[in-house]
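Chains as they are written, first to last, in our numbering: chain A, 18 to 389; chain B, 18 to 389.
One or more of the hints may lead you astray.
Chain copies aren't distinguished; within one or between two, either way the pair holds.
[What the hints assert, rightly or not] As a list, the in silico DMTMM-like pairs of lysine to aspartate or glutamate whose alpha-carbon atoms are at most 20 Å apart: (1) Lys271 x Glu371; (2) Lys271 x Asp134; (3) Lys271 x Asp101.
Bear in mind the hints are in silico, worked out from the structure with no lab data behind them.
Protein chains: 2
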Amino acid sequence: MALPNKDYSPGLEGVIAAETRISFLDTEREEIVIRGYNLLELIRLASYVEVVGLLLWERLPTPEERAALERSMVESSVPNAIYDILRRLPSTMHAMDRLRTAVSALAGFDPEANSSDAASEIARAPRLIGQIAQIVANLSAIANGQEPQSFVPGRSFAENFLATLVRRSVTPAEVRAFEQSLIAYSEHELPNSTFAARVVASTLADVYGALTSAVASLKGPLHGGANEAVMYMLLEAGTPEGLEQLIRAKLARKERIMGFGHRVYMRRMDPRAQLLKEVLHELIRQRGEGHLYADMCQRGEDIMRAEKGLFPNLDYYAAPVYYLLGIPIELYTPIFFAARTAGLLAHIIEQHRENRLYRPRVLYTGPRGLRL
Amino acid sequence: MALPNKDYSPGLEGVIAAETRISFLDTEREEIVIRGYNLLELIRLASYVEVVGLLLWERLPTPEERAALERSMVESSVPNAIYDILRRLPSTMHAMDRLRTAVSALAGFDPEANSSDAASEIARAPRLIGQIAQIVANLSAIANGQEPQSFVPGRSFAENFLATLVRRSVTPAEVRAFEQSLIAYSEHELPNSTFAARVVASTLADVYGALTSAVASLKGPLHGGANEAVMYMLLEAGTPEGLEQLIRAKLARKERIMGFGHRVYMRRMDPRAQLLKEVLHELIRQRGEGHLYADMCQRGEDIMRAEKGLFPNLDYYAAPVYYLLGIPIELYTPIFFAARTAGLLAHIIEQHRENRLYRPRVLYTGPRGLRL
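Next up, chain A with everything else stripped away, as it sits in the complex (with noise of 0.2 Å):
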């Protein structure tokens, strides 16, 4: 047994966890390394698919490998129950409490669920990622007693994805900006839910409790749940002129400012938020409305950076995307999740290749020596 050194750092703040291959926050550099490739040329070039082939297999997939890989996750199916346990939920509960009891829940129909082993995790990786998009994409249709919609085989995943969304036909552009929100959203390094992921994966545990407890974790407001607070935000002030109202009266009140500041970029902005905001400008420019939303979200990022030296991160700018694609708010962060289970699921695979159990000790601050 190794004793417990002295030094404590509370949140295990710059303390290494984990030794990984997928992705590093290079924030000398300004750099989100995804399996050797710059995150940002990812979301500027790449599709969503090619860099969840990217993640599970270490490399980019060629043409005909990233068309089966599309066509699994297109071609997944939910399984009836799944929908049948949702539509016991009460319509009341937390999207994203529903979305991580159905995640429990659906590995009761896989019959290699308490397999840990690579080769069968990368296997059902792809029909994952789609049963989890497909889940997302139906939460409020179903808390709203309508239907689900399956994916339909031929037309991409994002076009799905964001069509059983909105439950519309979709444009180009718009399947685009939200694609580009996808890789945004697909892997960054340890955060909160992929470092839970891995900590569960550790106990040898199944991938559906690691992606069972990702959810739970994303769901803090400290976490995935700002992007919707961000949008509850922006309606609430209505104006470039409320929001810096309601901003300024926040701070005055020393209450958090959701959508800004990060744990490791702290002295610029968020590089995935920069380009959000530019894929945020091309829809509204496609579009020719949606400028109110662009301007409030500018006026807020000059006062808290002027006001408090922070700049928004990923969730500022994914929220009024997601807002102008007509996306229910309560879905937001299931979004953020069914984007990320591709690098969820490439963490909890590593994990499981070479294990070592997480088991670290307290520093104890308690009574000692009472007696009964």
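Add chain B to chain A, keeping to what the hints say.
Relative to chain A, chain B alone:
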């Protein structure tokens, strides 16, 4: 931002990951400290309900508080929709996966589910402990098409839990043996499941998400799953000689022997295992049967000490106790979780009271500078 240091301890071995006033494994003095008390003394002299009060309130309850706490735990009811959902899961699904789904779904029936303030979390805790025990006690019955049974007001929590598990009336000696196992499992510092719960709770995610992650972790063969694996090994062996052959054959193939070794207890026997061994012997004495299992366990213990220098852990002696009580083997790990819910809730509440988001860094060993 603190820059990642170069020290990397796989599995966070020896790393302090939380400050706590709840419990501490003092391996030097061979003592498990629970809120200042020695766990072995609690197992010998206290009731499970007293330990629940101690964990939640940081002091032992008065007799009146204890009676009220036990009433809340016993009289809590499980929403019918939870049993409906469990009926929709395949009976082949792992019991811990069914439990994980049920705990996640419970959030939908708690109007305060999203609250993470300590006062409401402490107030909800007794009901949650009672609900989870009732779900665990009915898991196998529901999978077998039987109706769930509610706990009976006026009977103790431990008697209700055991009687519902085995669906027959139980003797005071049986109840006491079972209750002592619950206390032994109630809290144990920062094992993987408790760490997973704290990691998830640190996003300010709710209690249900944090508990769901702990179920997911505890299922793992390297963690809670060990108590079931021990029992299957004992049943496969059949006799002390059979167990000796089985263990020697596994050792020759360099396979792991379940129920031995512990990340923290390396030089001595897990003190909880020592006490559960006494509980097993006392249960056998009272019933006048079951000597075979004590003899097998002793043989296995002797061989492992001689051959590998490894000592039994709690799971090794909990398994035959549960077997002699007639509890379905698939419920051993769910019972571990039900007993640990009290400790987990104490940790989740403590994490929410003085929160810092868990967000460690990685050691990146993958490629750099690739271009599309």
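A quick look at each hint next to the structure:
no. : hint            : verdict
1   : Lys271 x Glu371 : between (44 Å within a copy, 17 Å between copies)
2   : Lys271 x Asp134 : between (48 Å within a copy, 18 Å between copies)
3   : Lys271 x Asp101 : neither (44 Å within a copy, 45 Å between copies)
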